[in-house]
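**Student:** Sequence:
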Amino acid sequence: MITDVDMPEMDGLDLLKTINIDYPVVKVIACTMHINTWVLEKLIKNNVLGIISKSSVKEDIEKAIQGALKGEPFYSQDVYDAIVGGIKNKPKFISKYDRVLLTKRESQVLKLIADELTTSEIAAKLCLSINTIETHRNYILFQGNNHHMVIGE
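For the sequence shown, the working numbering puts the final residue at 1062, and the numbers step up evenly by one.
List time: in silico DSS-like cross-link candidates among lysine-lysine, alpha-carbon distance up to 30 angstroms:
(1) 972 <-> 954
(2) 926 <-> 979
(3) 936 <-> 954
(4) 951 <-> 967
(5) 972 <-> 936
Everything labelled a hint here was simulated from the structure, so no lab data went into it. Predicted, not measured: the structure shown is a model, and the values here were computed from it.
Assemble the whole structure, with the sequences as input and the hints as a guide.
**Tutor:** Structure representation (structure tokens):
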């Protein structure tokens, strides 16, 4: 299912909550003009498999659909950039009770994401499969409920 986040009759996030409760097997792709971390985190937490911006090209829409059919996430480049930018701009001073510790491997992946390497490049550099990197990437990018990440040594 492809849905808009902004709809005249119903908020897209409310629709996603309803879908998750009533139709949990439905795979959802969201289209949004709101490319900010708050909206993107809400979409991910509501089990959206693909997020594309309203300015996405046809190829992004096709990739999002193909990914959803396989159960794999897809984010258009501007969405991906906003997610990574949100990680880079997290506050440095946080409570020890409001953070999630990353494993050494997750920390390596996060550093390579911040260095703007692609999933394939990260997989090659760490001698891991692309699927493993995707799993790490998704865990890192959307870990916890408003928690901050601390990179281990």
